[in-house]
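Novice: Residue numbers (my numbering): 1 to 182.
Because the hints were derived from the structure by calculation, they are not lab data.
No residue lacks a Cβ here, since even glycine has one placed at the ideal position from N, Cα and C.
Misleading hints may appear alongside valid ones.
Claimed, not checked - With a cut-off of at most 16 Å between alpha-carbon atoms, the simulated EDC-like pairs for lysine to aspartate or glutamate come out as follows:
#1 K5 / D135
#2 K5 / E136
#3 K5 / D114
#4 K45 / D106
#5 K5 / D106
Unchecked claim - Distance windows between CB atoms, simulated:
#6 D123 / T29: 22 to 30 Å
#7 I166 / L31: 20 to 28 Å
#8 P156 / P32: 31 to 39 Å
#9 T169 / G78: 21 to 29 Å
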Amino acid sequence: MTMAKLLYSATMSLDGFIAGPGGDMSWMTRLPETGPHETADGLWKQVGSLLTGARTYGGDDPNAGTDQEGAFNGQWSGPEFVLTHNPPATSPPGVTFVTDLPTAVDAALAAAGDLYACVLGADVAAQCLAAGLLDEILVFVAPVLLGDGTPLFRHPGGTFVALDEISSTTGPVPTIRLRVRR
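Construct all of the structure, not just a fragment, from the sequences and the given hints.
Specialist: Here it is, written out as structure tokens:
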């Protein structure tokens, strides 16, 4: 049996931001239509669980109120693990609030089975990377500039993380899949 891998997946502006100022995600609804995208269109089928942070979980869904609301434009459903310092008293169905990173990662990987446990959110991804837990990064490069916001990766004071290319595509929304070198 194949073990789940921890994948950080994000759509990023050309200048490196995954959200605009204040976590604004409305820019995602203003992207030009690019037609089918083999990697993006099939990704949700490869995801067995989500690991998010509290800001991502409670943040701006650009598709709120539409049939595309939720993860992967509303196509995905499954267990979600939210890393937070302040878990609520009750959890919605399918959502588990966890207060420490190792427990959250272990639970997300166990729930994913032989699929990916997908990290959504820059802060949780950075924590996973710093702890040596992140396996892969998949970035979709959107043809826009935001100028400010939440970067794909931030580490105060800087850091060097070596990555190896697994695959890349060209086209209106290029992608790059990378393995975290250990």
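Novice: Now, for every hint given, state plainly whether the structure supports it.
Specialist: Hint check results:
For a cut-off of 16 Å, the pair hint linking K5 to D135 stands: about 6 Å separates their Cα positions. Between the alpha carbons of K5 and E136 the distance comes to roughly 8 Å, so the proposed pair stays at or under 16 Å and holds. Using a Cα cut-off of 16 Å, the hinted pair K5 and D114 holds, with the two alpha carbons roughly 8 Å apart. At most 16 Å may separate the alpha-carbon atoms for a hinted pair to count; K45 and D106 exceed this at roughly 21 Å.
Using a Cα cut-off of 16 Å, the hinted pair K5 and D106 holds, with the two alpha carbons roughly 11 Å apart. Between D123 and T29 the beta carbon distance is about 23 Å. The supplied range of 22 to 30 Å therefore holds. Checked against the given bound of 20 to 28 Å, the beta carbons of I166 and L31, roughly 24 Å apart, stay inside it. Between P156 and P32 the beta carbons are some 34 Å apart, a value that agrees with the proposed interval 31 to 39 Å.
Look at T169 against G78: about 26 Å separates their beta carbons, and that is inside 21 to 29 Å.
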